[in-house]
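Be aware that the sequence shown starts at 1, since it is given in full-length UniProt numbering, and climbs by one per residue.
If you're looking for bench data, these hints aren't it; they were derived computationally from the structure. Computed from a predicted model, the values in this text were never measured in an experiment. Treat the hints loosely; a few may be bogus.
[What the hints assert, rightly or not] Mimicking DSS-like on lysine-lysine, the simulated pairs with C-alpha atoms at most 30 Å apart in a straight line are:
| no. | residue 1 | residue 2 |
| --- | --- | --- |
| 1 | 70 | 9 |
| 2 | 23 | 4 |
| 3 | 36 | 4 |
| 4 | 9 | 23 |
| 5 | 75 | 23 |
| 6 | 36 | 94 |
| 7 | 70 | 7 |
| 8 | 4 | 70 |
| 9 | 7 | 36 |
| 10 | 56 | 70 |
| 11 | 94 | 9 |
| 12 | 9 | 75 |
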Amino acid sequence: MNDKVNKIKADLQHFCGAEMFFKIPLIGTRFTDGLKYLANEAECFWLITDASVIAKSLSNRSSFITIDFKRLSEKEQFEKQCEAIINYSDGNDKIFETHRYNVTDFPLDELRLFFVDNTLMLPSEY
1 MNDKVNKIKA
11 DLQHFCGAEM
21 FFKIPLIGTR
31 FTDGLKYLAN
41 EAECFWLITD
51 ASVIAKSLSN
61 RSSFITIDFK
71 RLSEKEQFEK
81 QCEAIINYSD
91 GNDKIFETHR
101 YNVTDFPLDE
111 LRLFFVDNTL
121 MLPSEY
C-alpha cells in the first residue's frame with residue numbers, strides 16, 4: 001500500500017496548470033486532468049463527486065472553496081466516531097461545512113483541493 005501511496009503523491013506533483021477538463025454530467029461541474037489521474041489511481045470517483053456537489057452548493061458563500069480531506073488518528077477516530085473528515089472552507093480558516101466518513105478506502109491520509117469557477121482542481125493546477 002505504501003508504494004501505491006508514494007507513487008500517487010509523486011505523480012500528483014507533476015500536474016501544474018490544467019490541460020484537460022472533464023465534466024460531471026448530472027451537476028455540471030468540471031474537474032481537471034490531475035483529479036482524473038487521482039480518481040483512476042486511487043479509485044476515488046466518489047471523492048470527486050462528493051466534493052463537487054458540496055462545494056457547488058457552497059459557492060454562493062464564497063467564490064473560492066478549499067476542500068481538505070483528513071484521515072483521523074486512532075484517538076480522533078474513537079472520539080469523533082468516524083475514520084475521516086472533509087472540511088469545506090474559504091481557505092482562511094472559515095469552515096462552512098464538515099462531512100464525516102465512517103469508512104473510507106481512500107489511500108492518502110490528507111488531500112487539499114480547490115473549487116473555483118465551477119471547477120474542482122489540485123492546488124498545483126490553480
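*asked:* Run through the hints listed earlier and report the numbers of any the structure violates, in increasing order.
replied: 5
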